[in-house]
Amino acid sequence: MEEEKLNIISLPVEDDKEIIPEMEVIEAEQGGREFEVETKNLSVSFNGRPAISDINLSVRKQTATAIIGPSGCGKSTFLRALNFMHDMIPKSKVTGEIIINKHSISEYDTVDLRKKVGMVFQKPNPFPKMSIFENVVSGLKMNGNKDKKNLNEVAENCLKHAGLWEEVKDRLKEPAVSLSGGQQQRLCIARTIAVSPEIILMDEPTSALDPISTQKIEELIFNLKKEFTILVVTHNMQQAARVSDHTAFFYMGKLVEYSRTRRMFTNPKEKLTEEYITGKFG
Amino acid sequence: MFQDSIDAREAFGWKFIFSNEWDPVKEKFGALPFIFGTVVSSVLALLLALPVSIGVAVFLNEIVNKTLRTPLSFLIEILAAIPSIIYGFWGIFVLAPFMRSTVQPFLQSTLGFLPFFKGTPYGTGLLTAAIILAIMITPIITAITRDVLKAIPTAQREAAYALGATKWEAIKMALLNARSGILGASVLGLGRAIGETMAVTMVIGNRAEISASLFEPAYTMASVIANEFAEASGNLHVSALIEVGLILFAVTFIINSFARLLIYSFTRKTEGK
Amino acid sequence: MEETVQQYTSVFAKPKNLRRRKIVNSTMLFLCVVAAIISILPLFYIFFYTTKSGISSLNWDFFTQMPKPVGEAGGGMANGIIGTLILVSLGSVIGIPVGVMAGIYVTEYSGGLFSNLVKFVTDVLSGVPSIIIGIFAYGVIVIPMQGFSTIAGSFALGILMVPTITRITEEMLKLVPQSLREASLALGVSRWKTTLQIVLRTASGGIITGILLAIARAAGETAPLLFTAFGNRFWSTDLNQPIASLPVQIFNYAISPFEDWHNQAWAGALVLILLVFVVNLIVRIVTRDKFANKV
Ligand SMILES: Nc1ncnc2c1ncn2[C@@H]1O[C@H](COP(=O)(O)OP(=O)(O)OP(=O)(O)O)[C@@H](O)[C@H]1O
Ligand SMILES: [Mg+2]
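Residue numbers (this note's numbering), protein chains in the order written: chain A, 104 to 385; chain B, 620 to 892; chain C, 887 to 1181.
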């Protein structure tokens, strides 16, 4: 039975072997971890039309959670709710509770919250008038850090973390837009981790990238979850299987299923999930 | 401004608007000649400018290719940016003599039986002012007409072509669809013409009289303020001028609000489609 | 379905009418070309005539010398040029911050009733005759100060600059992709710092061209200066005194009966035209790059 399912979603056989043992280790490790993000009956509506409703989801510290689902099901809406991005949009309404690090989101100041919860977007969006270096340290600089030495250190550190250092170390002063798309996206990740968040939200971070850049970012996500809690939206089932520990399946604004990634892709509880991951719709 | 013109209102009341006597020496002030001059010169300017502007907009949007479009639309932009004092200056020294020696005698010999074209051709006067104004508002009307035309979906135009329409027929359909937007553009141009000061002051002849002939000198609200304000003698005179300004302000404000609302609603409607 | 299509086609394609329709077509298109030529013609004529009449008096003296009395040839408009510089600079001090802030407010904090109101007011303000702005400045500054002054003139020019600057700031900020704002906010940067350091910085090129445009326009304004800055035949940089300006001087010279003065006025007109031309050219080039990047 398990064999069959795997074939249907056509995971390459090599990947299979790599992932499964690793996952077991992680699962064993993370049992006792605390919850970092919890939502209770989270609903968001635009112009009175609900986009997501009653989402209950808990994510443990330093794990990667994939969010999948057909287009328009509310994945981005969910993610953006987690760092208050909806207050930019007039006529949007967020109800329910979000708990970050044991504190309700309403206890945080929006700006402080966003320092804790970083976000990487679908399309790479480096600041166009800034150099590579300035981009990485922009968050710190705009928040008043003027210590040159410290900024240099942070920049190097973060670029190394994002696996970009070797490629750009000689051209830090060049404009960020001169980088390739994949490099820009890693730059955006470096920029995000520079403000040392605890949680990183990624909304389809590889959908605008070629396969090689995609692979680099996936490796990066896999490494980053040692330090950060990651929520990543993806349309790519293999990607979800490769990088995440847990997977949440959204459908029409509802959370249909949320379980360990391996289980989700081998033995989903819900019929809907099965149909989606086997490509019957979506 | 309302406060500063209180003297004039107390002295003349509504008669201010309807009296055609303006005599600073006798302290008699009636604004009718200025209102007349303003309205006639602006409306005439609009009548002259509108067909040309629509033609230019169609030419730039639909006929000419890209290599020519950029420099041409740049030139039209420049036309809008030239200070009005220069238009006026050019009007005195080039346009007015040309009107006196060529255009006005020609009009008189062909259409002289009409009351509009009677009288001595001085060169300066209502008609000359209207022509200068027309030149000045053409770029404004053109720019907005172009925007309005651009807002019409290409699909509509292609549909017309697909049905075998000629180019002009397709354009005509687009223009008809855009008529409320073009109306907005015209009203905006009218507002600009009404408020234009320096160029008109220099060519209209500055005489507070009402006459049927377009060759006769006249006066506009803006130019009487420009000419007399700094040297106005006596409170009543200043106050009367401010009241003229107030009328001018109210008129342009209403006209502009109306034009903006027309243009807003037109672009919103087409965007909504 | 087919029937309706035929119905429509028949309207356009009646063979009998075809020839007439083609003639109408080419006539109307031809008239559009004529319209384009008619509208451009005055520009060339003005340009040509101003250059011809002004070039002989446009020399170093024009910029450095004071006006000569009637009858003496030569001299310049140094006082007018300096006056215009002072008036426009002071005007910018008022007009630029107000205009840019209004533009920011309208785009970055849009949606509210108040920001729609601000947008409407700047749009309508841009159509208020400049002479009315002059009267307004007269009432607000000249009457209380009991005399014409540089300050009053600058104030009038500053107000005139606001709508242009607001407009272009608005347009340029709209071109800044929303994702940049979100990226900055997601870094934990506050809203106003994001506006200032990301949005404004990204749009700075376009906004600066808008400011240039407004400055060029203000430099050529005459009507609002007539009874605010008034004019001055002498050298003055006192902010509480009337001050000369290039356009007002051109006006006074142009309507004078003296040949020498006319020539001087043409030279001044040429300076203004060149200023307008150069600034517009710069704006064109800069904004073209902007749009090229965006598409
Ligand atoms: N700013 C907004 N205003 C109005 N409706 C919105 C807005 N943003 C999202 N929605 C609506 O909310 C619903 C969910 O959108 P969302 O962007 O979260 O989908 P998604 O799952 O991220 O889709 P995709 O995979 O295409 O990115 C959609 O129906 C969308 O139309
Ligand atoms: Mg999405």
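To be clear, the hints were calculated from the coordinates, so they are not data collected in a lab.
Here the structure is a predicted model, which means the values were calculated and not measured.
One or more of the hints may lead you astray.
Below, in silico cross-link-like pairs of lysine-lysine (DSS-like), each with a Cα-Cα straight-line distance of 25 Å or less [unchecked claim]:
#	chain 1	residue 1	chain 2	residue 2
1	C	1060	A	194
2	C	1079	A	251
3	A	226	C	1079
4	A	244	C	908
5	C	908	A	218
6	C	1079	A	219
7	C	1060	B	791
8	C	1079	A	232
9	A	252	C	1060
10	B	786	C	908
11	A	276	C	908
12	C	908	A	194
13	C	1060	A	232
14	A	249	C	1079
15	A	226	C	1060
Checked hints:
no.	hint	verdict
1	C:1060 with A:194	holds (20 Å)
2	C:1079 with A:251	holds (20 Å)
3	A:226 with C:1079	holds (23 Å)
4	A:244 with C:908	violated (67 Å)
5	C:908 with A:218	violated (68 Å)
6	C:1079 with A:219	holds (18 Å)
7	C:1060 with B:791	violated (32 Å)
8	C:1079 with A:232	holds (15 Å)
9	A:252 with C:1060	violated (36 Å)
10	B:786 with C:908	holds (9 Å)
11	A:276 with C:908	violated (62 Å)
12	C:908 with A:194	violated (53 Å)
13	C:1060 with A:232	holds (16 Å)
14	A:249 with C:1079	holds (15 Å)
15	A:226 with C:1060	holds (19 Å)
Checked against the numbered hints given earlier, the structure breaks hints 4, 5, 7, 9, 11, 12 and satisfies all the rest.
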